[in-house]
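Protein chains in written order, with the numbering used here: chain A, 471 to 742; chain B, 47 to 426.
Honestly, the hints are just simulated from the structure, not real lab data. Some hints here could point you the wrong way.
[As the list claims (entries may be wrong)] Looking from chain B toward chain A, a few residues come up when the C-beta cut is under 10 Å (computed): (1) V83; (2) N135; (3) G136; (4) P138; (5) N150; (6) F154; (7) L167.
[Claimed, not checked] Not everything, but these chain A residues come out facing chain B in the computed CB check (under 10 Å): (8) A558; (9) D633; (10) R635; (11) S642; (12) S646; (13) R649; (14) T653; (15) V654.
Yeah, the Cβ is synthetic: ideal placement off N, Cα and C, and Gly gets one too.
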Amino acid sequence: MPRSPWQRLLGVIGTLVVLVLLIFVVLPAVVVTMAAFNDKAILSFPPQTLSLRWFGNALAYPDFRAGFQNGLVVAPWSATIALVVGTAFALAIDRYKFPLKSFLEGVLISPLFVPHFTVGLGFLILAVQVNLVNTFIVVIGCHVILVVPFVLRSVYVSLRNLDRRLELAAASLGASPYRVLATVTLPLLVPGLASGWLFGAVLSFNEFTASLFVTGQRTQTLPVAMYNYVREYADPSMAALSVMYIVGIGILLIIANAFLGLGRVLNVERDD
Amino acid sequence: MSNATTSTGQQSNKSIAERCDDIAVRFERVSKRFNAVNALCDVSLAVRRGEFMTLLGPSGCGKTTLLNLAAGFFSPDDGQIFIAESLVNGVPTYKREIGMMFQNYALFPHLTVMANVAYGLRARHLAKLEITRRVEAALNLVKLSGLEDRKPRQLSGGQQQRVALARALVINPKVLLLDEPFSALDKHLRASMQIELREIQRNLGLTTIFVTHDQGEALSLSDRVAVISEGRIRQIGTPDAIYTHPCERFVASFVGDANILRGRLVSISGSQATIALGAVEVTVPSDPLLGTEPSALVDLFIRPEQLRLTDLGKACATSGAIVSHVYQGGHIDLHVECADSVRGRLLIRLSGSQAKIGWRIGARIAVSVNGSEAIAFAAA
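Let the sequences and hints guide you as you build the complete structure.
The structure is reproduced here in structure tokens:
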């Protein structure tokens, strides 16, 4: 069908809008990346002379190294605990009817709406009460709460996509409910579990607001270390670190994609 | 047992008749409601050991609910279910020792063919060697050796079905439950799989409950058929009994092709009723007409192969013009425009020499009815 000039104009405008939006989305990352290669000790754009020295500086800075290592402790633990808790709740919500079910769902999802600083502050007050300030326990506990809603959702969606008849078939073959869970349900949920875990780990690794309250000198995570750095210095180390951050996450996603398929990991594809 | 069971008629399979008391699965006055809907209402059914029992009915009639109750996927609101003479109400599925085949086969997609078939044996903690031996035997039985390491998605529909069957058989179930297992197969494959399944079932002497909405499938496979509609069993009997002596309107119209001719009841005497049809009177069994007043309208159900052609001019049951003829190889189907037919055109199935006559579109023909082959119900 021939398109009228009006339709063609609309098409051009639509394409432009999409382009502008895309540029808008990637612009911060682009600006930061360019600033990272600036030779001068200021965060400026565009850079006059190029250098890699801020990458070296960022990598050598002790607080960043400690923060990175702390993140490698906190993120996997938080994601793993959140995965166990989230999976259990997702199963309960999907499979069983019980009183106050929607209330339970509301409570589990509430960290999405409660400001992170409230959660952080609450954990700080509690930590003081039980003498756990400046320990990983309180950091991980706080992150678990914040990450559970995401894990829960990811697992829940996978559960919904699971063919219940597979579980019925397993039961008819003589498998007890635990055996069905271990040999059919959980193996088939692996993509959802993996995506939930990965998502949780990345969120925990990046979490800043609540972490600011619950971390101490010994337990501070990378985003908190970056914040403390930027309060004192304004050189491109931060930008260099950001670039490494982006590249690191990118590599992680590429690996995840290779093993599980990105569509599945992000839960936008139905797995069959 | 419901009184419909008595209409079993001639038992085609002697060995089953001999073990009449040997009941493998028994439903006793079972009812099941889903929210406000009565899925099953006071259903009683006894399946004999080694019997191939088909639950036949339109979709939503409750046949699958009955099967799922036997499997233990949910429990009845009322009534009792026995498997091998023991009450299984409240016994969870995994302790019932049943084999089940699902419409979509429900093969475990993450497991190989070998692991799929071995699943039930592993759940029973058998020794490795024993498992391997039995899986091989089961795969041989369904003629599917050599594909042990494939995943289900690498198999064709027919192969998937064989795996599902092997998986259900390998555990030596007390009863095999089949939920429309053939509906996903194309016509040719379906026919050959049906024959094969029936052969395996008969050789193993395996009690089988088979759910289908396909009446042809039900008639060709079953030892007995239970016709279900709206949550109730309408008739239980051999395929022959169901086809030739339907006990009510629904069964007569659901099972097989049926022509319906409108007539008028003349009289009932003993087991016979006389019906005026066109210019003739025919005599039919009176059971289904008890309680019907003389001169009331009745519907005569008659199979396409039981309508006869008669000479024009003679007294006939009805007459009409040929609208189309369809050559079917062994027989010919005539479609006849007829004023007395309750449901559109008459379908007449002719075989032998009559199938060879060149039937002309538009030709008028006269039709006669043999009352002993027909059955009448009060007009709806």
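Status of the hints after comparison with the structure:
With its C-beta approaching chain A no nearer than about 18 Å, B/V83 sits outside the 10 Å limit, and its interface hint is violated. Hint status for B/N135 relative to chain A: violated, with the closest Cβ pair at about 17 Å, above 10 Å. Using the Cβ-Cβ criterion of 10 Å, the hint placing B/G136 at the interface with chain A is not satisfied: the shortest such distance is roughly 15 Å. Hint status for B/P138 relative to chain A: holds, with the closest Cβ pair at about 7 Å, below 10 Å.
Evaluation of the B/N150 hint against chain A yields a held restraint, the C-beta minimum of about 7 Å falling below 10 Å. The restraint placing B/F154 at the interface with chain A holds, with a minimum CB-CB distance near 6 Å, inside the 10 Å limit. Taken as an interface hint, B/L167 checks out: its beta carbon lies about 9 Å from the nearest beta carbon of chain A, inside 10 Å. At about 21 Å, the closest approach between the beta carbon of A/A558 and any beta carbon in chain B exceeds 10 Å, and the interface hint on this residue is violated.
The closest approach between the C-beta of A/D633 and any C-beta of chain B is roughly 7 Å, which is under the 10 Å cut-off, so the hint is satisfied. Interface hint status for A/R635: upheld, as the beta-carbon distance to the closest one in chain B is roughly 4 Å, under 10 Å. The closest approach between the C-beta of A/S642 and any C-beta of chain B is roughly 4 Å, which is under the 10 Å cut-off, so the hint is satisfied. Proximity of A/S646 to chain B holds as hinted, the smallest CB-CB distance being about 5 Å (cut-off 10 Å).
At its closest, the beta carbon of A/R649 sits 6 Å from a beta carbon of chain B; the interface hint therefore holds under the 10 Å criterion. With 10 Å as the threshold, the beta carbon of A/T653 comes within range of chain B, its nearest partner Cβ sitting at about 8 Å, so the hint holds. Restraint check, A/V654 versus chain B: the minimum CB separation of about 6 Å is within 10 Å; hint holds.
In this structure, the earlier hints numbered 1, 2, 3 and 8 are contradicted, and the remaining ones agree with it.
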